[in-house]
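Enquirer: Sequence:
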Amino acid sequence: MKFEEIENKISQYKKAEKKLFTTSSFQTHSIILLHIISRIDKSIPVYFINTGYHFPETMLFRDEVAEKFGLNLKNATSTVQRAMQKDIYGNFLFSSDPDYCCHINKVEPLEPILQEHDVWINGVRADQSDVRKEFKIEQPAKFGAIRFHPMLDWDKRMIYQYIKEHNLPRHPLEQFGYSSIGCEPCTRKPDLEWEERQGRWFGMNKTECGLNTELVS
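Numbering (this note's numbering), first residue to last: 2 to 218.
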């Protein structure tokens, strides 16, 4: 979708008195949607799901971008203390059960937020994974909400053209070869021949977190 189409769709939602929010992982490719939203309506809440396992660089980048764009930044965190996020053998869940780790650190914190809103503006792209390839621009979500995917038809070339055109900042770890950045224990710098997200959950037979599986109807 082009900027004007996204602007019109958000205006339609607001005229229908829909409550909107967005989420962001504050990676380089997340910046475009945040910049677009800041141009359309800075009051739209931007939720950062703080798992407690993010790179320090991501936290600093989040604050930098939020201030630069004037975002209505909010944080969502798990109610499960880190010391309790271990299996029966004492291993942290991110190493022994990454799906459950994502569930308690991402899905559960977002569920009450989703219940309080009508539209979740989500920046997934179809070219990122087979799961996302099946999504539609408007997708039913849990609790009767709608997921709005304005970036679904964008690709990496379009992303970096927009960044260059608007002189947007980039995640500091990108210069070291990180193309997709999540929690520090589950993110590996990819080899040159890998696809964008292959450094995520490397060796864990996992490509998506529950945000894009459990919270889609």
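There could be a bad hint or two in this list.
[Said to hold, decoys possible] EDC-like, lysine to aspartate or glutamate: derived pairs with alpha carbons at most 20 Å apart:
{"id": "1", "residue 1": "K19", "residue 2": "E8"}
{"id": "2", "residue 1": "K43", "residue 2": "E58"}
{"id": "3", "residue 1": "K69", "residue 2": "D42"}
{"id": "4", "residue 1": "K43", "residue 2": "E68"}
{"id": "5", "residue 1": "K10", "residue 2": "D42"}
{"id": "6", "residue 1": "K143", "residue 2": "D119"}
{"id": "7", "residue 1": "K3", "residue 2": "D42"}
{"id": "8", "residue 1": "K43", "residue 2": "E8"}
{"id": "9", "residue 1": "K15", "residue 2": "D42"}
{"id": "10", "residue 1": "K75", "residue 2": "D119"}
No lab work stands behind these hints: they were computed from the structure.
Enquirer: Work down the list of hints and note, for each, if the structure agrees.
Expert: Hint by hint, here is what the structure shows:
Straight-line distance between C-alpha atoms of K19 and E8 comes to about 15 Å, which keeps the hinted pair within the 20 Å bound. At roughly 24 Å between alpha-carbon atoms, K43 and E58 are farther apart than 20 Å, so this suggested pair is violated. Restraint check: the Cα-Cα separation between K69 and D42 comes to about 15 Å, which is no more than 20 Å; the hinted pair holds. Proposed proximity of K43 and E68 is supported: the alpha carbons are some 11 Å apart, at most 20 Å.
Restraint check: the Cα-Cα separation between K10 and D42 comes to about 12 Å, which is no more than 20 Å; the hinted pair holds. Taking the CA atoms of K143 and D119, the gap is about 10 Å. The hint holds against a cut of 20 Å. As the CA atoms of K3 and D42 are separated by approximately 16 Å, the hinted pair is consistent with the 20 Å bound. For the hint pairing K43 with E8, the CA-to-CA distance comes to about 12 Å; that is within 20 Å, so the pair holds.
With a C-alpha separation of about 10 Å, the suggested pair K15 and D42 falls inside the 20 Å cut-off, and the hint holds. Straight-line distance between C-alpha atoms of K75 and D119 comes to about 17 Å, which keeps the hinted pair within the 20 Å bound.
Hint violations for this structure: number 2 only, all remaining hints satisfied.
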